[in-house]
Amino acid sequence: MPDDRSTIENPTCPAPLPAGDRILLGHGSGGRLSAALLREVFLPAFQNPALAKLNDQAVVDVEGVRLAFTTDSFVVNPLFFPGGDIGSLAVYGTVNDLAMGGAQPLFLSAGFIIEEGLPLETLRRVVGSLRAAAEAVGVEVVTGDTKVVEKGKGDGLFINTSGIGRVPAGVNLSADQARPGDCVLLSGSLGDHGIAILSQREGLEFETPITSDLAPLHSLVAAMVEATHSIRCLRDPTRGGLSSTLNEFAAQSRAGIVVEESAIPIREEVKGACELLGLDPLYVANEGKLVAVVASLEAERVLGAMRSHPQGTNARLIGKVVDAHPGVVTMRTCLGTSRIVDMLAGDQLPRIC
Amino acid sequence: MKYLDEYRDARVARGLIADIAQRATRPWVLMEICGGQTHTLMRYGIDELIPSQVELVHGPGCPVCVTALETIDRAIQIASLPGVTLVSYGDMLRVPGSHSDLFHVKAAGGDVRVAYSPMEALKVARANPQRKVVFLGIGFETTAPANAMAVWQGAREGLGNFSMLATHFLVPPAIRMLLESPRNRVQAFIAPGHVCTVMGYREYDDLSRKYRVPIVVGGFEPVDLLEAISMLVAQLEQGRAEVENQYVRSVACEGNRPAQELMDKVFEVCDRKWRGIGLIPQSGLRLRAEFAAHDAERIFDVAATTTEEPAECISALVLQGLKKPVDCPAFAVRCTPEKPLGAPMVSGEGACAAYYQYRRPTGKQG
Numbered sequence: 003m004p005d006d007r008s009t010i011e012n013p014t015c016p017a018p019l020p021a022g023d024r025i026l027l028g029h030g031s032g033g034r035l036s037a038a039l040l041r042e043v044f045l046p047a048f049q050n051p052a053l054a055k056l057n058d059q060a061v062v063d064v065e066g067v068r069l070a071f072t073t074d075s076f077v078v079n080p081l082f083f084p085g086g087d088i089g090s091l092a093v094y095g096t097v098n099d100l101a102m103g104g105a106q107p108l109f110l111s112a113g114f115i116i117e118e119g120l121p122l123e124t125l126r127r128v129v130g131s132l133r134a135a136a137e138a139v140g141v142e143v144v145t146g147d148t149k150v151v152e153k154g155k156g157d158g159l160f161i162n163t164s165g166i167g168r169v170p171a172g173v174n175l176s177a178d179q180a181r182p183g184d185c186v187l188l189s190g191s192l193g194d195h196g197i198a199i200l201s202q203r204e205g206l207e208f209e210t211p212i213t214s215d216l217a218p219l220h221s222l223v224a225a226m227v228e229a230t231h232s233i234r235c236l237r238d239p240t241r242g243g244l245s246s247t248l249n250e251f252a253a254q255s256r257a258g259i260v261v262e263e264s265a266i267p268i269r270e271e272v273k274g275a276c277e278l279l280g281l282d283p284l285y286v287a288n289e290g291k292l293v294a295v296v297a298s299l300e301a302e303r304v305l306g307a308m309r310s311h312p313q314g315t316n317a318r319l320i321g322k323v324v325d326a327h328p329g330v331v332t333m334r335t336c337l338g339t340s341r342i343v344d345m346l347a348g349d350q351l352p353r354i355c
Numbered sequence: 002m003k004y005l006d007e008y009r010d011a012r013v014a015r016g017l018i019a020d021i022a023q024r025a026t027r028p029w030v031l032m033e034i035c036g037g038q039t040h041t042l043m044r045y046g047i048d049e050l051i052p053s054q055v056e057l058v059h060g061p062g063c064p065v066c067v068t069a070l071e072t073i074d075r076a077i078q079i080a081s082l083p084g085v086t087l088v089s090y091g092d093m094l095r096v097p098g099s100h101s102d103l104f105h106v107k108a109a110g111g112d113v114r115v116a117y118s119p120m121e122a123l124k125v126a127r128a129n130p131q132r133k134v135v136f137l138g139i140g141f142e143t144t145a146p147a148n149a150m151a152v153w154q155g156a157r158e159g160l161g162n163f164s165m166l167a168t169h170f171l172v173p174p175a176i177r178m179l180l181e182s183p184r185n186r187v188q189a190f191i192a193p194g195h196v197c198t199v200m201g202y203r204e205y206d207d208l209s210r211k212y213r214v215p216i217v218v219g220g221f222e223p224v225d226l227l228e229a230i231s232m233l234v235a236q237l238e239q240g241r242a243e244v245e246n247q248y249v250r251s252v253a254c255e256g257n258r259p260a261q262e263l264m265d266k267v268f269e270v271c272d273r274k275w276r277g278i279g280l281i282p283q284s285g286l287r288l289r290a291e292f293a294a295h296d297a298e299r300i301f302d303v304a305a306t307t308t309e310e311p312a313e314c315i316s317a318l319v320l321q322g323l324k325k326p327v328d329c330p331a332f333a334v335r336c337t338p339e340k341p342l343g344a345p346m347v348s349g350e351g352a353c354a355a356y357y358q359y360r361r362p363t364g365k366q367g
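Protein chains in written order, with the working numbering: chain A, 3 to 355; chain B, 2 to 367.
Only chain A is shown next, with the shape it has when bound in the complex (with noise of 0.2 Å):
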């Protein structure tokens, strides 16, 4: 029915988007659209056991030694940011990606795709912030590439990294773990990271500046795995926020999880900027936060674990994994309601990793 004739008697309704045929923002944002990229277009075409379980790591078992490798793309803008840079960023989201499989990292690559007319000192100090973070963490930058792209066709600078380390006896995480019963812990405070670097990018000032939460996760993850094998899932927050990190959780465990509101920390100049800006902090990225499923018999060890890590000592029980709802997850609201967390649909911020 035409548009033309709608009345109020007689109303008509929008008409559909059509099919995508291109890629937009959206794919990268980390939420339904990244997974729909992911389940049609890359998993149908590199099918095997490593790559299904979807984690942020492969681990791979070579005669015996269990490796974890992975790779992570860096296009942060701007490339300086309070908190950090393009440079311990690609070294630290490597290295949690790792962490999260509970490896121990050992060493990196590093490639740089460079934009014509980038000030040579922009480099240098971006390699500097790099090779400092590398040595922070233990692990060593072992080969590298670099390409040249014309001015216009880059950003300034991308950075790509990836990482192997090894994965000690005993230890076994993967996002299909979670149970009934089992606790839901968060390392931290959510969305510093996000919210420091939109603050930059739009220029907003706020009366206490905020800091990207950005930092190395491997320490962190080896005291609370020398304190219980039973931690099944770990995943770092970032892109999407802890809103994705819960769904693949509950998704690929094919189990519900519930959150309580009032659990999950916030600052309150992240809640403010959040507040002004319309975004939901649970979808805002994080760059130094991990979230842990584990055994329930073992969550207040885990706990006291993390709170004596510097990386910790915020930590806190946000939730419990269920029966219900497999593959949602819900919270319960300050007013005692229940609410659904839903996947980001498309992008809620600009490029922020």
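Hints were generated in silico from the structure; no laboratory data involved. Hints are not guaranteed to be accurate.
[What the hints assert, rightly or not] 30 Å max Cα-Cα, derived DSSO-like pairs, lysine-lysine:
no., chain 1, residue 1, chain 2, residue 2
1, A, K153, B, K124
2, B, K325, B, K340
3, B, K124, A, K273
4, B, K107, A, K149
5, B, K325, A, K155
6, A, K153, B, K107
7, B, K325, A, K153
8, B, K133, B, K107
9, B, K124, B, K107
10, B, K266, A, K55
11, B, K325, B, K133
12, A, K155, B, K133
13, B, K107, A, K155
14, A, K273, A, K322
None of these values were measured; they are calculated from a predicted model.
Go by the hints and put chain B onto chain A.
Just chain B now, with coordinates in the frame of chain A:
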């Protein structure tokens, strides 16, 4: 956080819920106009907390939802022209036009940018004098002052490359349209707090008197909405029909006078077509003729298109409070945020998106 935590306080909320339960002796149908309020109601499950005889239905106050298809199509066509930069609020980018949306224009190479304020479009225009910079200025009375300011400032600076595709909607004529409809069930309204922050609430007096309908200006936090519901139920039970203000921390009776004066300088009232609903007389704002040099509708000669609409989408009924999103057979099955059949599934303020996000049947997730 001050001005937030106290309006999300569970103890205060429980007190208000008890008040409502005590007051409501008969079934009542209340409508919140604004999509932001709909989202709060769904997000906090407020409709489940109040007694079942108080029914909440959702109104047309989602600007993205009611912007006419022709406007979206025109924006898409303008954004596709060489040398044009189109600047817009974020959620307009995903709203389906007849054949595409602005995200797809951007993906195909169009210069489409997201801004938090129309003043950012002025900056883009100043920095890129060789490009024609168009701001997609949509919204209710809430966004009209900022859009008016951008046009007024652009004109003052003689920024010849800046224009606005201005499509504003006015709330009171929409309430009148709903009340005049023979199918109307709504007995009381929560008026939109942000609109009233700009316009005040005297313009609702006539509506309340003529149609004998209580109207309470409400805020956007759970305690705001529960208090507004409580005030409306009290009026209904007592047989009163008045305009009252719950959102006193933001809304003054006369509104924001300087904002109104600026709007009046730049815009004039016009008939406006609402997507899915049709033409509502005197329900919109358009740029005055003296700002023709900055009026994208006059500058760009792009023909409006007509389109076939899917029969299955019931968004027009949802926007009038005649149906709930869950009444739609396509809801969460053939209509999802990734593949929306209608704008209310797209917008951050759309009722269908609110139900999908917070309340869809958990067996149906996409």
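Now the hints, each set against the structure:
With a C-alpha separation of about 23 Å, the suggested pairing of A/K153 with B/K124 holds against the 30 Å cut-off. For the given pair, B/K325 sits about 19 Å from B/K340 by alpha-carbon distance, which is consistent with the 30 Å threshold. For the suggested pair B/K124 and A/K273, the alpha carbons sit about 28 Å apart, so the restraint of at most 30 Å is met. For the given pair, B/K107 sits about 26 Å from A/K149 by alpha-carbon distance, which is consistent with the 30 Å threshold.
For the hint linking B/K325 to A/K155, the alpha-carbon distance of about 47 Å lies beyond 30 Å, and the restraint is violated. At most 30 Å may separate the alpha-carbon atoms for a hinted pair to count; A/K153 and B/K107 meet this at roughly 20 Å. Simply put, B/K325 and A/K153 have alpha-carbon atoms about 52 Å apart, too far for the 30 Å limit, and the pair is violated. Restraint check for B/K133 and B/K107: the C-alpha separation of about 16 Å stays at or below 30 Å, so the hint holds.
Taken as a hint, the B/K124 and B/K107 pair is honoured in the structure, with Cα atoms around 20 Å apart against an allowance of 30 Å. Of the supplied pair hints, the one linking B/K266 and A/K55 is violated, its CA atoms being roughly 61 Å apart against a limit of 30 Å. Proximity of B/K325 to B/K133 is assessed by CA-CA distance (about 42 Å); at most 30 Å being required, the pair is judged violated. Between A/K155 and B/K133 the CA atoms are separated by roughly 23 Å; this keeps the pair inside 30 Å, and the hint holds.
Taken as a hint, the B/K107 and A/K155 pair is honoured in the structure, with Cα atoms around 16 Å apart against an allowance of 30 Å. Note on A/K273 and A/K322: the hinted pairing holds, with a Cα-Cα distance of about 24 Å set against a maximum of 30 Å.
The structure does not agree with the numbered hints 5, 7, 10, 11 stated previously, though it agrees with the rest.
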